Amino acid sequence: MSFDQHDTIGFQAAQLSRLISNRLRDALAPLDLLPAQVAALVEIGADEGLSQKTLVVRLDVEQPGVARTLATLEVEGWIARRSGPGRTQGLHLTDKARAVVPEAARRVAEVNGAALGELSRTERAHLLDRLSELVAELKAG
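For the sequence shown, numbering that gives the first Met the number 0 assigns the number 0 to the initial residue and increments by one for each residue that follows.
Just so you know, the hints here were simulated from the structure itself, not pulled from any lab data.
As the structure is a prediction and not an experimental result, all values here were calculated from the model.
A virtual CB, placed ideally from N, CA and C, is assigned to each residue, including glycine.
Listed next, with one range per pair, are the computed distances between beta-carbon atoms:
#1 GLY83 / ALA28: 30 to 38 Å
#2 GLY140 / GLY112: 29 to 37 Å
#3 GLY83 / GLN11: 40 to 48 Å
#4 PRO63 / GLY9: 19 to 27 Å
#5 GLY9 / ARG97: 34 to 42 Å
Produce the complete structure using the sequences and hints provided.
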């Protein structure tokens, strides 16, 4: 049999995901944040007052995970919930978060840049576009 798992997209994607996740955790540790928390904070900061339901859609992750992340962020003073339209609660950054989110985003961008290495801007765009297409195709079918 000549099958080599190293030549599969699944193996390579899992390796890449693990390595980038570890680097993100290391880069964000001095800020006392995890990658999933930064993702949530960035989305909230971009559209303050959004609902938890909207955040779930934008992050494209399961609701229980978002609920846990938000509960931790709230307890640690990164976000506040305020009454929104109807029975919804809007998510808002606290001053603590506003002071740290730009640095967290910079660190994420730095890890991203290092991961993409020597690729040109065009090659980076093509790679990310194709990966997005693959994800969409797999979700659809």
